[in-house]
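Turn these sequences into a full structure, and let the hints steer you where they fit.
Read top to bottom, the protein sequences are chains A and B.
Count the first sequence with the working numbering and you get residues 1 to 396, in order.
Count the second sequence with the working numbering and you get residues 1 to 260, in order.
Don't take each hint at face value.
[As the list claims (entries may be wrong)] Keeping only pairs whose Cα atoms sit at most 25 Å apart, straight-line, the calculated DSS-like set for lysine-lysine is:
id, chain 1, residue 1, chain 2, residue 2
1, B, Lys140, B, Lys11
2, A, Lys169, B, Lys11
3, A, Lys224, A, Lys72
4, B, Lys12, A, Lys169
5, B, Lys89, B, Lys196
6, B, Lys89, B, Lys140
7, A, Lys169, B, Lys234
8, A, Lys326, A, Lys370
[To be verified] So the derived list for chain A, only partly shown, Cβ under 7 Å to chain B, looks like this:
id, residue
9, Trp21
10, Pro23
11, Glu24
12, Leu85
13, Val162
14, Ser166
15, Asn176
16, Pro186
17, Gly282
18, Asp296
19, Gly297
[Said to hold, decoys possible] Partner residues are not named here, just some residues of chain B that face chain A (Cβ under 8 Å, in silico):
id, residue
20, Pro59
21, Leu69
22, Ile122
23, Pro124
24, Pro127
25, Glu130
No lab work stands behind these hints: they were computed from the structure.
Here the structure is a predicted model, which is why all the values come from computation and not from measurement.
The beta carbon of each residue, even a glycine, is placed where N, CA and C say it ideally should be.
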Amino acid sequence: MLQIKSIADKRGYYGEFGGAWIPEMLRPNIKELEAHYLGILNDPDFQKTFRNLLTEYTGRPTPLYFAERLSKQYQTNIWLKREDLNHTGAHKINNTIGQVLMAEHLGKKRIIAETGAGQHGVATATVCALRGLECVVHMGALDVERQAPNVARMKMLGATVVPATSGNKTLKDATNEALRDWINNPADTFYVIGSVVGPHPYPEIVTQLQSVISAEIAEQFKAKTGKSEPDYVMACVGGGSNAAGAFYHFLNTGVKLVGIEAAGKGLHTEEHAATINFGRTGILHGAKSLLIQTDDGQVVEPYSISAGLDYPGIGPLHAWLHQTGKAQFLGVDDQEALDAAVELTRLEGIIPALESAHAFAALKKLDFKKNDNVVINLSGRGDKDMATYLKALDLK
Amino acid sequence: MNKLDQLFKHKKQNLLSVYFTAGYPEQDDTVRVAAQLDKAGVDFIEIGFPFSDPVADGPVIQKSSKQALDNGMTVQRLFEQLETIQQLKIPRVLMGYINPVLQFGMEHFLEKCAETGVDGVILPDLPLEEYQMHYEGLFKKYGIHNILLISPETPDERIQEIARLSTLFIYLVSSNAITGSRLDTGAVVSYFERVKSLVGDQPVMAGFGIRDRATFADVCQYTNGAIIGSAFIKALEVSSTFEEAIDEFVESINSLEMYK
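Below, the structure is given as structure tokens:
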């Protein structure tokens with residue numbers, strides 16, 4: 001069962017990061033959620049339905065797979081947490097099932113979401129179809145063009161995809177539009193946020209819902225090795241939901257936690273999404289966290305070959321883990337991620353999502369011992385990225 | 001006593017405030033627009049400094065903010081422009097989002113406000129709780145009003161708390177919506193009346209959705225006045241001669257009877 005123990009303080013802060021920096025117009029929505037989320041998460045009916053859907057519908061528990069050939073390559077023991085085997089192809093559905101059930105508990109009839117690459121949009125649309133709820137997905141107009149297969153999936157699932165034409169027409173603008181939608185429709189609408197970002201209590205809710213990943217890792221690792229915990233847990237970080245989920249049960253242990261962010265065309269260039277390496281404290285989408293921004297406080301559009309990692313901010317939990325040294329954060333560039341994707345595919349027969357490939361590329365950057373046990377959260381599968389892979393790789 | 005206090009002391013009804021985006025349509029138009037609004041007889045101006053991600057704003061203001069940013073507008077540049085309009089008698093309020101202010105430094109920002117004749121500040125994403133905990137003392141130190149917003153969904157006790165913390169007027173967001181949304185004045189009457197019954201004589205200004213003489217006159221029955229933003233930005237967009245467009249717009253809102 002989930003262990004519902006808030007990591008954030010009462011005001012929704014992780015150290016100096018977090019909070020709910022929202023206009024008064026959003027306050028009723030946030031207050032309603034804040035008043036009820038712990039009660040709902042701990043409600044036996046909610047737990048029962050949530051658990052049942054995770055098992056019967058998405059296929060949990062996902063395996064903790066010992067990657068033999070990859071382990072040989074890196075002279076250590078590498079385990080893959082196979083979130084790519086979830087229904088809809090990524091960890092995103094753990095969260096959308098939980099939040100949509102939460103919306104039902106609050107009596108909401110209309111679900112809205114933002115999406116970048118479309119994975120969270122598809123996961124939200126899927127659960128809405130399952131539960132018979134109206135679903136509106138805000139997606140940057142540019143992403144609508146770039147991610148046509150996911151747009152088609154959402155439409156087939158019955159969702160309305162609204163292209164965000166403001167700003168740079170990408171994920172952060174889709175998030176702005178979703179927040180605006182919520183301001184305009186406070187009574188009947190629930191906003192399903194896709195990562196551990198946004199105003200409190202969202203980072204906490206998404207972390208709790210995704211913590212099913214680390215709970216399973218802990219249990220499976222012990223069952224398979226007899227040891228109490230692995231040496232490393234690694235995960236890619238955009239907003240940070242799969243990493244938060246993979247880290248959660250290891251936060252107060254000796255496990256080395258490694259987050260990997262997108263270094264795009266290189267940390268020496270301006271085209272990256274390395275929020276922790278280059279961000280400064282700021283406020284975006286209702287939370288205080290690290291943010292890629294100009295000296296004047298304008299948010300800079302980040303870049304990554306992977307649409308799921310190009311968010312200019314990061315969940316406040318991760319900013320705090322970085323500041324306190326509880327986790328280490330590395331940057332991996334586009335080429336390194338592509339190479340790692342090919343390596344995993346050829347060694348293990350698993351085509352990873354481009355986002356997850358970033359986590360694998362970091363294997364080259366760490367100095368493992370022969371007896372170390374390294375768990376990588378394979379957050380999603382690469383089907384959606386085939387066009388990018390084919391274009392970027394010289395595949396004959 | 002700052003200019004805004006004097007205004008609210010002497011005028012109790014039909015106060016017209018116009019919002020415009022600093023650095024729009026051209027970077028130095030901040031100064032021209034302010035001077036013309038002063039000349040046209042607006043009671044006070046609300047100058048918006050642009051932010052890349054203005055979640056409480058609708059498409060019209062967001063577009064103007066983006067253009068201002070493309071023009072190279074910054075908070076620093078705004079204060080330089082404000083210095084040049086110090087001689088204008090018209091009271092002025094700055095409106096913007098918290099992140100640019102925090103990067104500039106809250107104390108530095110308020111100090112510059114005081115130096116350049118700014119009377120109040122509206123920061124929609126600075127919540128009451130954060131204000132009380134971290135910044136109330138600084139606003140007092142520099143004599144700058146923090147103008148707080150309430151919406152139709154704000155509960156009674158919170159409206160009273162906001163009224164207690166407000167040092168001048170309260171900003172009534174007319175409907176639960178972003179700026180530039182259409183206002184159904186009939187639907188908000190009970191909200192306005194509820195606010196009035198809770199805050200008594202404390203001045204209230206309505207904003208969001210007020211776009212012409214009719215909507216202005218409607219909300220002024222229940223408030224001390226109103227703030228017009230998106231409709232003004234739209235008027236600037238279609239103007240051929242800038243100063244005339246401003247005069248015409250202000251005249252289209254203010255009717256002579258109101259001043260009798």
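Status of each hint after checking the structure:
Distance hint between Lys140 (chain B) and Lys11 (chain B) is fulfilled; the C-alpha atoms sit about 24 Å from each other, no more than 25 Å. Straight-line distance between C-alpha atoms of Lys169 (chain A) and Lys11 (chain B) comes to about 44 Å, which puts the hinted pair past the 25 Å bound. The suggested pairing of Lys224 (chain A) with Lys72 (chain A) holds, with an alpha-carbon distance near 19 Å, which does not exceed 25 Å. The hinted pair formed by Lys12 (chain B) and Lys169 (chain A) fails the criterion: a straight-line CA distance of about 44 Å is larger than 25 Å.
Using a Cα cut-off of 25 Å, the hinted pair Lys89 (chain B) and Lys196 (chain B) is violated, with the two alpha carbons roughly 30 Å apart. With a C-alpha separation of about 22 Å, the suggested pair Lys89 (chain B) and Lys140 (chain B) falls inside the 25 Å cut-off, and the hint holds. For the hint pairing Lys169 (chain A) with Lys234 (chain B), the CA-to-CA distance comes to about 22 Å; that is within 25 Å, so the pair holds. Restraint check for Lys326 (chain A) and Lys370 (chain A): the C-alpha separation of about 24 Å stays at or below 25 Å, so the hint holds.
The criterion of a C-beta within 7 Å of any C-beta in chain B is met by Trp21 (chain A), whose closest approach is roughly 5 Å, and the hint holds. A hinted interface residue such as Pro23 (chain A) counts as satisfied when its beta carbon comes closer than 7 Å to some beta carbon of chain B; here the least separation is about 4 Å, so the hint holds. The restraint placing Glu24 (chain A) at the interface with chain B holds, with a minimum CB-CB distance near 4 Å, inside the 7 Å limit. Nearest Cβ of chain B to the Cβ of Leu85 (chain A): about 36 Å, over the 7 Å cut. The hint is violated.
Here the hint on Val162 (chain A) is broken, as its CB sits about 13 Å from the closest CB of chain B, past 7 Å. The restraint placing Ser166 (chain A) at the interface with chain B holds, with a minimum CB-CB distance near 6 Å, inside the 7 Å limit. For Asn176 (chain A), the shortest C-beta to C-beta distance to chain B is roughly 5 Å, which falls under 7 Å, so the interface hint holds. Contact between Pro186 (chain A) and chain B, as hinted, is supported at the beta carbon level, the nearest pair being about 5 Å apart and thus within 7 Å.
At a threshold of 7 Å, the smallest CB-CB gap from Gly282 (chain A) to chain B is about 5 Å, leaving the interface hint in force. Given the 7 Å rule on beta carbons, the hint for Asp296 (chain A) holds: about 4 Å separates it from the nearest Cβ of chain B. Hint status for Gly297 (chain A) relative to chain B: holds, with the closest Cβ pair at about 3 Å, below 7 Å. Checking Pro59 (chain B) against chain A: minimum C-beta separation of about 7 Å stays under 8 Å; hint holds.
Hint status for Leu69 (chain B) relative to chain A: holds, with the closest Cβ pair at about 6 Å, below 8 Å. Taking 8 Å as the C-beta contact cut-off toward chain A, the hint placing Ile122 (chain B) at the interface is violated, the least distance being around 10 Å. The beta carbon of Pro124 (chain B) comes within 4 Å of a beta carbon in chain A, closer than 8 Å, and the hint placing it at the interface holds. For the restraint placing Pro127 (chain B) at the interface with chain A, the shortest Cβ-Cβ distance is roughly 6 Å, inside the 8 Å limit, so the hint holds.
The criterion of a C-beta within 8 Å of any C-beta in chain A is met by Glu130 (chain B), whose closest approach is roughly 7 Å, and the hint holds.
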